[in-house]
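S.K.: Sequence:
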Amino acid sequence: MERIYLWTNNAPEETEAKHDAFQTEDISNNVTRLTNVTNPIMEVFTPDPDKNNGASVIICPGGGYQILAIDLEGYEIAKWLNKLGFTVFVLQYRVPGNQLGALNDIQRAIRITRSKSKDYNFNPEKIGVLGFSAGGSLSARASTNFNKETYKKSDKIDKYSCRPNFAVLIYPAYLNKGENNKITPELTITDQTPPMFIFATTDDAYSNKGSLVLSKALMDFKIPVELHILESGGHGYGLRKGNIAAETWPVLAEKWLKNIIK
Numbered sequence: 006m007e008r009i010y011l012w013t014n015n016a017p018e019e020t021e022a023k024h025d026a027f028q029t030e031d032i033s034n035n036v037t038r039l040t041n042v043t044n045p046i047m048e049v050f051t052p053d054p055d056k057n058n059g060a061s062v063i064i065c066p067g068g069g070y071q072i073l074a075i076d077l078e079g080y081e082i083a084k085w086l087n088k089l090g091f092t093v094f095v096l097q098y099r100v101p102g103n104q105l106g107a108l109n110d111i112q113r114a115i116r117i118t119r120s121k122s123k124d125y126n127f128n129p130e131k132i133g134v135l136g137f138s139a140g141g142s143l144s145a146r147a148s149t150n151f152n153k154e155t156y157k158k159s160d161k162i163d164k165y166s167c168r169p170n171f172a173v174l175i176y177p178a179y180l181n182k183g184e185n186n187k188i189t190p191e192l193t194i195t196d197q198t199p200p201m202f203i204f205a206t207t208d209d210a211y212s213n214k215g216s217l218v219l220s221k222a223l224m225d226f227k228i229p230v231e232l233h234i235l236e237s238g239g240h241g242y243g244l245r246k247g248n249i250a251a252e253t254w255p256v257l258a259e260k261w262l263k264n265i266i267k
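This note's numbering numbers the first residue of the sequence shown as 6 and each following residue consecutively.
No lab work stands behind these hints: they were computed from the structure. All C-beta atoms, glycine included, are put in the ideal place defined by N, C-alpha and C. Do not rely on the hints blindly, as some may be mistaken.
[Stated by the list, open to error] Cβ pair distances, simulated, as ranges:
# : residue 1 : residue 2 : range
1 : 260       : 130       : 14 to 24 Å
2 : 197       : 120       : 18 to 28 Å
3 : 159       : 249       : 39 to 49 Å
4 : 224       : 30        : 13 to 23 Å
5 : 152       : 31        : 35 to 45 Å
6 : 69        : 190       : 13 to 23 Å
7 : 187       : 123       : 17 to 27 Å
8 : 120       : 24        : 19 to 29 Å
[What the hints assert, rightly or not] List time: in silico BS3-like cross-link candidates among lysine-lysine, alpha-carbon distance up to 27 Å:
#  : residue 1 : residue 2
9  : 84        : 56
10 : 214       : 182
11 : 246       : 214
12 : 88        : 214
13 : 263       : 123
14 : 121       : 56
15 : 56        : 267
Make a model of the complete structure from these sequences and hints.
M.R.: Rendered as structure tokens:
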């Protein structure tokens, strides 16, 4: 599997030496969890050439900004997207407890992806982000902070835009951190905010209210948004069988994605 390292030198403000992410001892629910990311990477998953749809997606796994559920919300999603024709980049952003570093990483990842569009045969204006839980938060932050310079530019790659062309947020967390459950102040919606697909369930306290708040903010600016809230399903299910939410969102998202990349 090809790896793309995001930063030539140390990542911005990173003080710990570069090394591969650590896998935690916690493998409950058959989930592989990574942490202590100091050298952020993207792992590349390419579709069959005859299925390539000319678009790409950067996946942001969740884990409360503490760990990355790298298989459940990363590799397994990449294989599904490959079948739909997308070129996929699974992002290992900095954890634990480094939300600014994570934003640096997703911005850099989008720029690198855009710079490599010819190498992988996709349209540089059809680059999306897809995130789960904290990764959904990060995808929303990338979609609303692309005009903010969150790190010092260092090379020609940093001249590329870090605005995603679309975003898919699955049980996204931390969207309603404003006063009285209002939208998280960092998420500044403008008429340049990309279209979004948002999926949550009513029994998921991490994402139900936040999904509503963000959707309303997008509608107020007439940004295309498709919101689905299922009655049950909980949190952290990826697309594994046996959970009604996990079996529902991919069907809906596939239809939306096909339409958005026309």
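S.K.: It remains to establish, for every hint, whether it holds in the given structure.
M.R.: Against the structure, the hints come out as follows:
1. 260 <-> 130: 14 to 24 Å: 21 Å Cβ-Cβ, so the 14 to 24 Å window holds.
2. 197 <-> 120: 18 to 28 Å: For residue 120 against residue 197, whose Cβ atoms are near 21 Å apart, the range 18 to 28 Å holds.
3. 159 <-> 249: 39 to 49 Å: holds, 46 Å
4. 224 <-> 30: 13 to 23 Å: violated, 44 Å
5. 152 <-> 31: 35 to 45 Å: Since the Cβ atoms of residue 152 and residue 31 sit about 38 Å apart, the hinted range of 35 to 45 Å holds.
6. 69 <-> 190: 13 to 23 Å: About 20 Å separates the Cβ atoms of residue 69 and residue 190, which means 13 to 23 Å holds.
7. 187 <-> 123: 17 to 27 Å: violated, 42 Å
8. 120 <-> 24: 19 to 29 Å: For residue 24 against residue 120, whose Cβ atoms are near 25 Å apart, the range 19 to 29 Å holds.
9. 84 <-> 56: holds, 13 Å
10. 214 <-> 182: Holds, because 10 Å separates the two Cα atoms, which is no more than 27 Å.
11. 246 <-> 214: Within the cut-off at roughly 25 Å; holds.
12. 88 <-> 214: Between residue 88 and residue 214 the Cα gap is close to 32 Å, so the pair fails against 27 Å, i.e. violated.
13. 263 <-> 123: Since the Cα atoms of residue 263 and residue 123 sit roughly 21 Å apart, the hinted pair holds (cutoff 27 Å).
14. 121 <-> 56: holds, 19 Å
15. 56 <-> 267: holds, 15 Å
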